[in-house]
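All chains, full assembly: derive it from the sequences and hints.
According to my numbering, the residues represented by the sequence shown are 38 to 371, in order.
For the record, the hints were derived by calculation from the structure and aren't laboratory data.
Possibly wrong hints are sitting among the right ones.
Said to hold, decoys possible - 20 Å max Cα-Cα, derived EDC-like pairs, lysine to aspartate or glutamate: (1) K208 <-> E262; (2) K208 <-> E329; (3) K366 <-> E153.
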Amino acid sequence: MLKTFIASVVTAATFAMAPMSAWAQNVNMRLAHVFPPQSSVGEAADMFAKLAAERSDGRIKISVFPAGQLGGDEAIGRELVRGTIELAFVNPNSMVGMDPLFDFHILPFIASDYDEVDRIYYGEDNILRTTLRETIERHRMKILGYFENDFRAISNSKHPVTSVADLKSLKLRVVPSQSLRMFFEKAGSQVVILPFPELFTALQQGTVDGQENGVILLHQARFFEAQKFVTLLNHSYVMSTITASQRALGKLSEKDQALLEEIGKEVGEWQVKRNRDNVAGALKEVQAAGIEVTEPTPEMLREFRALGQEIWNELTPVYGEERIAALRKLVDAQ
Numbered sequence: 038m039l040k041t042f043i044a045s046v047v048t049a050a051t052f053a054m055a056p057m058s059a060w061a062q063n064v065n066m067r068l069a070h071v072f073p074p075q076s077s078v079g080e081a082a083d084m085f086a087k088l089a090a091e092r093s094d095g096r097i098k099i100s101v102f103p104a105g106q107l108g109g110d111e112a113i114g115r116e117l118v119r120g121t122i123e124l125a126f127v128n129p130n131s132m133v134g135m136d137p138l139f140d141f142h143i144l145p146f147i148a149s150d151y152d153e154v155d156r157i158y159y160g161e162d163n164i165l166r167t168t169l170r171e172t173i174e175r176h177r178m179k180i181l182g183y184f185e186n187d188f189r190a191i192s193n194s195k196h197p198v199t200s201v202a203d204l205k206s207l208k209l210r211v212v213p214s215q216s217l218r219m220f221f222e223k224a225g226s227q228v229v230i231l232p233f234p235e236l237f238t239a240l241q242q243g244t245v246d247g248q249e250n251g252v253i254l255l256h257q258a259r260f261f262e263a264q265k266f267v268t269l270l271n272h273s274y275v276m277s278t279i280t281a282s283q284r285a286l287g288k289l290s291e292k293d294q295a296l297l298e299e300i301g302k303e304v305g306e307w308q309v310k311r312n313r314d315n316v317a318g319a320l321k322e323v324q325a326a327g328i329e330v331t332e333p334t335p336e337m338l339r340e341f342r343a344l345g346q347e348i349w350n351e352l353t354p355v356y357g358e359e360r361i362a363a364l365r366k367l368v369d370a371q
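Take a look at the structure:
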């Protein structure tokens, strides 16, 4: 009897000391994004799922839903908050309907080239990154990593854009963003807000004359098939986030949460490099398809930058004087 009792105690102790991973349950998660599967974001999302499976010994299974299968960015964001979608590669500015600060980081002309982008967006924490992180966490989400949605350009089917006046009366699909909507409305454009998955059809059918995504998406989403002109204005740079639902993360062990953060950082850095490597080739193919490309002159940039500063000033009461002052200081730093 005593031997049996001792054996039972030893067995129980052995199980108690077993690694937590031996007891960990399998986890099924959904990862959503609006980008084409063959884009650098699509590749990064697939890589995220693959690495999560490999590094968890198959316990974490992530199903990827690309190309807006689960809705546009705003819809995806709301499902992240609810926890009905666990993970997403999402553009926070598209969730501006939930909080105006989701839009802070894409004010016009924060950065003009990749050197400035790397210093301002991907350097150490600053007013821009802190605002974005705190806003996302306030809405029950968490940033696992950052990815690049690149500088924005203006394409349309009507005429070249070489001045602010050329934007007048153009019907443009603009990303859901208070600052960019104001920018184009002040220029005289007729701004149309519609989910990204609906944009190609809208361009084909003439529901809108143009749009203002970057060259990569102009190429990979085949928008150039319904456009004739593009201006490489770089009027806004969009850093986007690999985002998790806090509700979903709360169901994971600390070890698995740390694993997803590690993968998010790694995959995000890979995507940024991959995206930049693709820009020149995408532009070349767009030109080969017959699109007329305009590069802004210094005079053009001065005019558009002046318009951008008007938007900064008008949104100061929304974002707060201290936050805008800190961003100006960051932008002006050398």
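Hints and how they fare:
no., hint, result
1, K208 <-> E262, "holds, 17 Å"
2, K208 <-> E329, "holds, 19 Å"
3, K366 <-> E153, "holds, 13 Å"
Figure legend: structure checked against the earlier numbered hints; every hint is met.
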